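> The task is to assemble the complex, starting from two chains supplied on their own in separate frames and drawing on the hints.
Chains as they are written, first to last, in my numbering: chain R, 729 to 988; chain Z, -9 to 371.
A hint or two may mislead.
[To be verified] Using 20 angstroms as the maximum straight-line C-alpha spacing, the simulated SDA-like pairs for lysine to any residue come out as follows:
no. : chain 1 : residue 1 : chain 2 : residue 2
1   : Z       : Lys171    : Z       : Val244
2   : R       : Lys777    : Z       : Pro129
3   : Z       : Lys124    : R       : Arg756
4   : R       : Lys777    : R       : Met763
5   : Z       : Lys225    : R       : Pro987
6   : Z       : Lys359    : Z       : Phe369
7   : Z       : Lys225    : R       : Pro863
8   : R       : Lys777    : Z       : Gln78
9   : Z       : Lys124    : R       : Glu739
10  : Z       : Lys124    : R       : Pro987
11  : R       : Lys904    : Z       : Ala164
12  : R       : Lys777    : Z       : Glu119
13  : R       : Lys777    : R       : Leu766
14  : Z       : Lys171    : Z       : Val62
15  : R       : Lys777    : Z       : Leu98
16  : Z       : Lys349    : Z       : Asn370
17  : Z       : Lys214    : R       : Pro863
18  : Z       : Lys14     : Z       : Ile37
19  : Z       : Lys79     : Z       : Lys225
20  : Z       : Lys124    : R       : Val759
21  : Z       : Lys214    : R       : Arg756
22  : Z       : Lys14     : Z       : Gln78
[What the hints assert, rightly or not] Non-contacting residues of chain Z with respect to chain R, defined by C-beta distances greater than 10 angstroms in every case (computed):
no. : residue
23  : Leu12
24  : Trp53
25  : Lys154
26  : Ser159
27  : Leu229
28  : Pro259
29  : Phe308
30  : Leu314
31  : Lys317
32  : Thr355
Please keep in mind that the hints were generated in silico from the structure rather than gathered at the bench. A quick note: this is a predicted structure, and the numbers were derived from the prediction, not measured. Note that CB positions come from ideal geometry on N, CA and C, so glycine has one too.
So the chains spell out like this:
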Amino acid sequence: MLQGVINSIRESQVWSSIFRHGVPRDRRTRVMAVMSNLFLHLHPVAVRKSGIRLSFTWCMGGLTFFLFIAETISGVLLMFYYRPVVEYAYSDIIQMRAALTLGVMREIHRWGAHAMIIAVWLHMMRVFLTGSYKPPREFNWVVGVILLVLTMLLSFTGYLLPWDQLAIWAITVGSKMAEATPFAGMNGPGRELLQLPGGIPIVTPYSDAKFLLLAGDSVGEAALLRFYVLHCIAIPLAAATLIAVHFWRIRKDGGISGPM
Amino acid sequence: MHTLISNTMPLLAAGAEQVTALDKFKDFVNRWSVPQFSLPLFLLLMIGAFFGYRKWTKPIIFWPMMIVFTVVYFGFIPLDDSYASILQKPDNVPISMMIFLTLFFLWLGLRQAAINDHNMEIGKPLIEEDREDKVLCWPDLVYTELLAMVLCTVVLILWSVLLKAPLESPANPAGPPNPSKAPWYFLGLQELLVYFDPWMAGVVLPGLIILGLAAMPYIDTNPKGNGYYTFKERKFAILTWMFGYLILWCVLIVFGTFLRGPNWNFFGPFQVWDSHRVDPLTNINISDIWYVVILDGKLPESMLVREWPGMVLAAFWFFALPYLMTKIRFFGRLRYQMGFARYYLMAVLFVVMMLVPVKMVGRWTMNLKYIIAMPEINFNL
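The shape of chain Z in the complex, shown without the other chains (with noise of 0.2 angstroms):
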């Protein structure tokens, strides 16, 4: 909480006479725009697009919501310099890219969704149901593909000729820019550098999205939904995977290439990125929770009995977790369902995934730094 105030009294002090109702929205935005709350709400968001999508995403409420998320999102650029900067910066137009098509291809998606769900509730047949209406690949395949390539040029290159690709001054090994960011995709793994250590954000967590996206196709034993769009037929599996798309993956990379300024520090995307801000780190381990303010006294000398409590936390997470879900009735339909290999390796890979948020929530409501600390072998979760 310090830093949103720290940060956001200055701009309202240093104009205090001439505050005008533009100031006073971005003030509100760079405020709410901090993880703690935008996360949860991008999350609310995503829930309430899935569980709405009959309604938004008719054309008459789609296009409208679109209009003005563009007008919004490119209307800023001349009213707020930092924002045009950060906007303007040519490796972040991908980025930009990146959310109108997916905010698009999503509506397309989910669109054609609810028109099949619907029509499945009425007995009339799918969009994709015409088995037997063949057509040849020449002309109707071959053209729609070459105007997909004349077009992609086109695009390419008119973006090659407007934007020049960027070159910033010779590598200097001994002069780190601040910050240092990755290239723009793996962003959203950096943004996890703040609450998990190097070998869980770059290590542990890609290698099971990875291993997870190839599993997928083994695990999801329902039959339903295969070949055509629907939601209703497989929210489970659309739901949790969009979680990770959506929100881990897709806004963590927006934070980190948009919000992320010097020292790592998060600004809002109409404040200036200050350098010399320092965000105070007083972040705590399960082992000071319990040993200090719990039991009110000191950290035990050895290591295996300071990290008692964060182990039993961990162990019940990652195996008594998966076990006492299928206690509640839906995951004890799937246990049913897929077999006891197929559950546990979906049930797993599912609190590995979980824990991301919940460290989040542990850092925003108690400053929860790591639940096992062990810096003697490199060992901190």
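The following block holds chain R by itself, in its conformation from the complex (with noise of 0.2 angstroms):
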């Protein structure tokens, strides 16, 4: 009985629109279940039995990526109810926490940023313990390295949106740097060097890399706007971007690594 249910869903017009091989059970159709699907087709057809071992690759590379997913996916949902203004952010959180149905959103929204960042920590650790940043690989280590960045900088921005002590000082204690930066910041070294004719200063507080970075002198409403797009948007952008580069050059450079 089951098995002619099964059986007429995949012989119907629709299931064999959307996958045009066979129950994946032979050689043949497992090499198109993998070709013919965009997601799948990431992967080679085949790949070393040893370099796909957890032992070997830690899986960490692709959780990273999952939670990258995972919190794009409760990032959108956040949205739906975060207003990124003064006023509101605070208590939007509060309200999150205390209306919403599923009010975990939050929680696994933070925690994934958590684990994303070790998780990035320990795939770069994998490669490195591996040599696999080695030829031919030089370039996507140098990828990855930008992707280790970005994920601190989300991971940074947007813990300033909660609005709360812990955000806010946070940030602050970040952005203190950013004035300290050689040349640009305020209380950087070689400030005074960068001046227009007549003795104009070039970096000034409103000038600045922090001044950049908060839009203003401290962490107050423009900055908050400011984190909020680049937390939503901008990096999650370069992020995604970066990501296809990564796994595309994967492909390029030979696969998982192995002996040579």
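Okay, structure coming up:
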């Protein structure tokens, strides 16, 4: 009975319009399953057996990507309820926690972000220990380093959004560093060297690196909006683009690494 | 040293009559957890772990050690209130995760390195050696991925249901908490603020970390160890990198989150965070050491005259040392193998990284504050 239902579904016009191949039971259909699916075709059709052992890859790169997707989904849900304005930001979070059925979304988003950072570090450690940054994969390592920085920036910009004491003071501590940027920061060495003719300083409290980051001289309204846009749009777009490059280069550079 | 004594004595004095073995143990740990003791200890542990990697990575040795560590790590939660409050802070949970995952994966990597290095010695193939043996992605890889995703989802949902995300009182731009901490993954850098000015700890060093990581594949010309676990064939690369990652990044993060309290004072794991404690700072600069201590005179007026000893030291460190290192046979060989540009890029990055421990030791042994102190132009090194 059940088998009959399954079979009639598989033979229906709808099913066979989506999946162009039979049940992946033999070599041909398994190859087809990977090749004819946009998402699965990120993979090669066949891989080295030892390359996909869990003890070799630790699965950490894959989990980082999965967490990126989980962050995107939970983040979009949070955006429905959150307004990046000083008057509302904090109370929106309180409301979200109290009034929503799926009030656990913020938790998933926050813990997922922490997990993603740890996963990215462990992925880097694995790639380092197996020497997989060596030729021909040098450039993909560089892309990975940029992705590592973007992951931490994503988390850093998100840290401000709850607009509680933890948030603004963590960002205050972090952004204070920008003030000390050599040449470009208000308190950085070499600032005095950058002058317009007539001794007019170029780097002032309203034009230095910290101002660029916060859109003000302290963490306020403008910084909240700036961090929100960076967190929800600019950095995710950059990260998604580089993730695509990263994956594509794995294939182009010879797939999962292994002894030459 | 003063901080150790002044902070542990009251603990002993308060309960002088009923000092238990547990109190003595806690006091012992508090005393020895200060960076000047624990950082060298962690470094020794790391070096020991890498040179004894063939012994301790055997599952029969590693797992009992891991179990004992886990029991001790969590066992002190009911035994000590300050320890419990630090460990159970929601945003500190990732640090515990980081500690255990890093230890586990370090073991997993070194275990395979030990097996591979042994196999190479006796002429057996590597674990990863199966070039002809290909499997299809469906089902072998896609099912692993599916399982990993399901497991990750379960863990994430459980974590989220069991532990509320932190939310403190609304932002108050006039009332900074004490201590004010950056997000945990930047606390290694914040810890460096103890030893360096913000332009170094917050801008130059992180910038060089990123640059150095990106430059790594172009610097490391060792063709061995490409695509398989090994330690024997890449000792220098692995030790240097792991020193940076495990000690200067991870351990400093643990210090920053768990052991830095009000006013960024250092507190042992079983010490109450006392916000009234004042640690006297009597730090001195190289110029003070040269003109006041050694020459027994006064600091010169002119900034450049005053700072020349520090500038000579810094110039030696950044410019002469990379060259002088080539006189050591190991680095001389590297210089020859890598060529001029690669070697000097590597060597400069190397001495910059080593400036961190050197300045730490300077602080611990002679209260060194700055090598070059030019507050007139915000240039303090």
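> Check whether the Cα positions of Lys171 (chain Z) and Val62 (chain Z) lie no farther apart than 20 angstroms.
The hint is violated at about 27 angstroms.
> Measure nothing beyond the straight line between the CA atoms of Lys124 (chain Z) and Pro987 (chain R); if it is 20 angstroms or shorter, mark the hint as holding.
Status holds; Cα separation ~14 angstroms.
> Determine whether the non-interface label on Lys317 (chain Z) survives the test: each CB of chain R must be over 10 angstroms from its CB.
holds (28 angstroms)
> Does the no-contact call for Pro259 (chain Z) survive, Cβ to all of chain R over 10 angstroms?
Answer for Pro259 (chain Z): holds, closest chain R Cβ roughly 21 angstroms.
> Grab the minimum beta-carbon distance between Phe308 (chain Z) and chain R and tell me whether it stays above 10 angstroms.
holds (15 angstroms)
> Are the Cα positions of Lys359 (chain Z) and Phe369 (chain Z) separated by 20 angstroms at most?
holds (13 angstroms)
> Do the alpha carbons of Lys777 (chain R) and Leu766 (chain R) lie within 20 angstroms of each other, as the hint requires?
Roughly 23 angstroms separates the two Cα atoms, so the pair is violated.
> Is the hinted pair Lys349 (chain Z) and Asn370 (chain Z) satisfied, with a Cα-Cα distance of at most 20 angstroms?
Holds - the C-alpha atoms of Asn370 (chain Z) and Lys349 (chain Z) are around 13 angstroms apart, at most 20 angstroms.
> Does Val244 (chain Z) sit within 20 angstroms of Lys171 (chain Z), going by the straight-line distance between their CA atoms?
holds (13 angstroms)
> Starting from Lys777 (chain R), check that the Cα of Gln78 (chain Z) is at most 20 angstroms away, please.
violated (41 angstroms)
> Between Lys777 (chain R) and Met763 (chain R), does the CA-CA distance stay at or below 20 angstroms?
Judged against 20 angstroms, a Cα distance of about 19 angstroms means the pair holds.
> Given the hinted pair Lys777 (chain R) and Leu98 (chain Z), is their Cα-Cα distance within 20 angstroms?
Holds, because 18 angstroms separates the two Cα atoms, which is no more than 20 angstroms.
Consistency with the previously given hints fails for numbers 8, 9, 13, 14, 18, 19, 21, 22, 25 and 26, ordered from lowest to highest.
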